[in-house]
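Going by the numbering used here, the sequence shown opens with residue 1, and the numbers climb by one from there.
Quick caveat, the hints were computed from the structure, so don't treat them as lab data. A hint or two may mislead.
Keeping only pairs whose Cα atoms sit at most 30 Å apart, straight-line, the calculated BS3-like set for lysine-lysine is [what the hints assert, rightly or not]:
hint	residue 1	residue 2
1	K68	K205
2	K205	K98
3	K194	K205
4	K299	K268
5	K268	K68
6	K298	K166
7	K68	K308
8	K83	K98
9	K194	K83
10	K98	K308
In this text the structure is predicted, and so the values were computed from the model without any measurement.
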Amino acid sequence: RSKKKDRAQNATLVTAEVAPSRSINFVNVSILILGIAIGHFVTKQSSSNINIDVSTASAVTSAFDEDKTFQQAIDAWDGELIKHIPYSDLTYHEFMAKYQVNRTPIVITGMYAENPLTEGINDERWGWMAMRDRFGDVLLENRVEGGSRGCTGTGLCEGRPIALRKLFDDYFLRDLGQRNGKMPPYPHDIELKKVLPDMFDVYEKSRLFAENLLLPTKNGKDRWPSLFFGARGTRTNLHVDTMGTSSTTAVFRGRKQFLLVDARDGDKLCIGRPTRGLEYGVGNDSFQPDFAACPEAKKAKAMFADLKAGDILYIPGHMHYAERNLDHSLGISQNFLTIAD
1 RSKKKDRAQN ATLVTAEVAP SRSINFVNVS ILILGIAIGH FVTKQSSSNI NIDVSTASAV
61 TSAFDEDKTF QQAIDAWDGE LIKHIPYSDL TYHEFMAKYQ VNRTPIVITG MYAENPLTEG
121 INDERWGWMA MRDRFGDVLL ENRVEGGSRG CTGTGLCEGR PIALRKLFDD YFLRDLGQRN
181 GKMPPYPHDI ELKKVLPDMF DVYEKSRLFA ENLLLPTKNG KDRWPSLFFG ARGTRTNLHV
241 DTMGTSSTTA VFRGRKQFLL VDARDGDKLC IGRPTRGLEY GVGNDSFQPD FAACPEAKKA
301 KAMFADLKAG DILYIPGHMH YAERNLDHSL GISQNFLTIA D
């Protein structure tokens, strides 16, 4: 060991004495290589951080833009916001007298705030992954047939159902919305009791909507409630529900925005003057109306609602309405027929 140490020391002395320039060059090159390596590592880390920051900024910008476009839609239609009232402050008789009889839409906040379906996306029973594992083989399809009003843009108009697992793997679990400008499939109007009975058992219809003349019929018993799985960016355009029934939409996860047009203003919506295959002449996105194609629509009374998880929207019968999903959402709708309808 002593000899090896001596030889090493001698070699170092010889190198320093005989070729000092080579030693300096070697040190410089070593430092340069080390600097490049460190620089690459730092750049890689910085790049990673930038990517995270950019994606976060994009998400924030996206949310900001959606809020901005929502206000732009309200301004374009010269619309108004639908009143919000806490569920704890509303009685059955007050709902009947103030809203149902007068056919006034309302957002009831917090109605389903404590329902198991509103638990976080990672909930072990009703989170996205949990539902994917439990119900992955369930086939989801729309009721509406291809070419029918309301089917445009849903992605399932040609009678091709999609497995819940594929929908979740392709969109919900990858945090994706529209890809290449193409709207994701939007399975909706799914018979909850028939397709996902476990979820039906958890869903609880509110006591506020007890009046329902449809109950004696098969549709009243089986067709509703209906399930909606909306990936970010999906939407439905203006339409009227079956038989002019009233409806509610409860949001259990995500965020939805609605546009409602008073039933008495249907003649102003250029129905029967289709634009891009739709029966309404205001364009293929009701939140960005084409008033040049349908100037009469500008005179219609429009109302808007912004719902988060736990909220529910009451829509009186015969109203024209459209909705869009700002986040991956889980919604359940209930149609019912009242004397007021």
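Status of each hint after checking the structure:
1. K68 x K205: violated (33 Å)
2. K205 x K98: Satisfied, since the Cα-Cα distance of roughly 20 Å is no more than 30 Å.
3. K194 x K205: holds (16 Å)
4. K299 x K268: Holds. K299 to K268 sits at ~7 Å (cutoff 30 Å).
5. K268 x K68: holds (26 Å)
6. K298 x K166: Between K298 and K166 the Cα gap is close to 41 Å, so the pair fails against 30 Å, i.e. violated.
7. K68 x K308: holds (17 Å)
8. K83 x K98: holds (12 Å)
9. K194 x K83: Distance ~34 Å between K194 and K83 Cα, so the pair is violated.
10. K98 x K308: holds (23 Å)
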